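*Asks:* Chain by chain, the residues run as shown.
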Amino acid sequence: MKKNILFLVLLTGIFTACEKDDFCIENPVTSRLIIDFYDDTNRETLKNVQRFSIIAEGKTDSLFVNTTSNSIAIPLNSLTQETRYTLKKNDENGAEVDDKIATFTIQYDTEEEFVSRSCGFKVIFNNLEFSSNTNSWITDFTPTTIINLDDQSAAHVQIFH
Amino acid sequence: MYKYFISICLLFVFAENFSQEQKKDNIIPQEKDTVVYKTNYGLRLGMDISRPIFSSLYSNYNGLEIVADYRIKKNVYIAAEIGFEEKTSIEDYSNSTSKGNYIRLGLNYNAYDNWLDMNNEIFVGYRYGFSLFNQTLNNYTTNVSDMENGSYFPAVLNTVGQASTSLNTHWSEFMIGIKAETLHNLFIGFSFSYKILMSVKDPENFMTLFSPGFNRIFESNTGFGINYTISYLIPFSKK
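Sequence order for the protein chains is H and X. Numbered as in this note's numbering, the first sequence ends at 304 without a single skipped number. Numbered as in this note's numbering, the second sequence ends at 353 without a single skipped number.
These aren't lab readings, by the way, just hints derived from the structure by calculation. Every value quoted in this text rests on a predicted model; they were computed, and no experiment measured them. All residues carry an ideal CB built from backbone N, CA and C; glycine is no exception. Wrong hints could be hidden among the right ones.
Chain X is faced by these chain H residues, among others (derived, beta-carbon under 7 Å) [claimed, not checked]: (1) 170; (2) 206; (3) 208; (4) 262; (5) 266; (6) 298.
Here are some, though not all, of the chain X residues that point toward chain H, as calculated from beta-carbon distances under 10 Å [unchecked claim]: (7) 200; (8) 208; (9) 239; (10) 240; (11) 259; (12) 260; (13) 263; (14) 317; (15) 320; (16) 323.
Pairwise CB distance ranges (calculated) [stated by the list, open to error]: (17) X:349 to H:165: 14 to 22 Å; (18) X:318 to H:224: 23 to 31 Å; (19) H:168 to X:273: 24 to 32 Å; (20) H:248 to X:271: 47 to 55 Å; (21) X:163 to H:166: 31 to 39 Å.
Next up, chain X with everything else stripped away, as it sits in the complex (with noise of 0.2 Å):
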């Protein structure tokens, strides 16, 4: 008996798996469903919550940000971005001020299949960002020191104040997201981005530490972003 415990089991296995097995001829063939559930088109304006949280939690940054997009097909969404940031870049040895104007294009898409007539998003999207800015250098210290004999002649601060004006980046963003409609034609919006810096203009004898709209510029020329934004949509159409 014992000898055949496995072989047995295996019996099982196979009789389950008979049992599934369906009888396929008869399923009625149901009717198309016909009833077409609109959604409103049109422009929806709002603005990024998460900067004037930020401005108010932090003394070193301020700034600003006006969301739009305007649906244009089912799924697809033409999307912009307004707004002005300053910051303070507190390094080792440096601090900066970075202040500006930016503007980012793109198009969102909705990868989200809705149920009914709701309105809701999960959408990837890309963006060209621009951004006009100028950087201070408010103060620096030379680098003098070494692990081996630390600072063993002393560093001045320097107070120079070099401004440097009518700076640019160039950069492609890619963003992911959500968006939910709470209350009706009222959106909550939260997104991540991933942003690479195709140009730059770097002050004389320095570089650029942050761009408005890029957020810091890491090493490899990459930056992050996040969104928090309410908007109200202004519906033009129904379809």
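Isolated chain H (complex conformation) (with noise of 0.2 Å):
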């Protein structure tokens, strides 16, 4: 009878020592580039993008589509130097001819930090430079660059339409 009650209480050893008992609860882990968008007269006041879709160079599904925002959340890809977003911004009727395209251009170098056992390695986006094409509906944007992207706090960029 000893023995089985020891037995069992191996087993039960055996078998809880196996159970996941934490989970990443941050999100993201890797910071994301936070984009506000304001008005360009009113240079004050936020302004929302009408039918607003985004998606990233050499990609095929889009992070937005059709939304109306002021504020968005844009990952960076982590495995190059540079991320290419187009934007679209509709502020007829959505119809396609009225359709308004910019770019913005993302370059950056990366690092990777340890965060913790379930979370693992983040990525620190370092010495970021932003660009947008020339002619585009985003008039202007500041600032033009940042020291790096590890917080989610405030927006990291404001673009003027």
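With the hints as a guide, dock the two chains, each given alone in a separate frame, to form the complex.
*Replies:* The following block contains the structure:
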């Protein structure tokens, strides 16, 4: 009987030792770039982008499709030194001829940093430089560079349109 | 009659109480038992048999542990464990192998009153543990996904093999366990231990996920362990 109890305790030890006990609760682990959209003339006020879609170069699926928003969080590609997004807005009635296209390019260096057992490694983006194509619906943006991207508490870039 | 039903019940309760009272003046004083049962003192050597079992059950674990204790007083034992462990920790975003040796040193106190010349134990113990090991980060993927978009951009599996040598941990350990003499001088024991990490030397830009002797290091710097031992007592003297 005593041995049976010992065996049971041993078995319990085996099975409980394998239970997963921690989950990564940070979201996201790797910071995304937060962009706020402001009004071009009245530069203190946020302005919604109508029927907004965004897609990264080389991707076939969009991050946002036909949404109305004044703030977006977009991931950067950690495997390259540059991520180029194509942004579409449509202020008119949604007809395809009225689509306005702009590209927004982010260049950076990457650095990997360990977070925790369950979350693994995150990517910190350093020396970010922003640029957009001329003659697009993006009239202006600020700042043009940031030193690193490693938090999600505030917007990183303001785009005026 | 029914009006006094409860009162009558109470009367019986009191009556019973009186009947339980003992007369104290007729207890005969007994003579003290002078027979002393002697038990063996000596060095007890053995091994942990759970570790070879785990080694055969799990492909990511290898381990061996030698246990020893020496009885210094009726209820007090000096105890030590020396072992080797290798474990691959497979996590969601990393795969790493820890490999090294450890020693645990301390005391066991037997809280069990044995009958006659029996020599069983229900013990509590304390250990100081020290481990010296290497940890290799076999591969990892960066965590670039998020809940809203999933993995929009891919993450590659990095198979760099970062090896970190001469890492160490120090810890304190509280044990509770039993030992039973199943055959003459042959003991089977089981114990459970709770470990508190005192210091750890982590690899650069990574952490120690598993330390030999300590097992998995939990977020709160604590750990758990079990021992299932077979040991043989080499008797030196009988006291």
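*Asks:* Could you check the structure against the hints above and give me the numbers of any it violates, in ascending order?
*Replies:* 3, 6, 7, 9, 10, 17, 20
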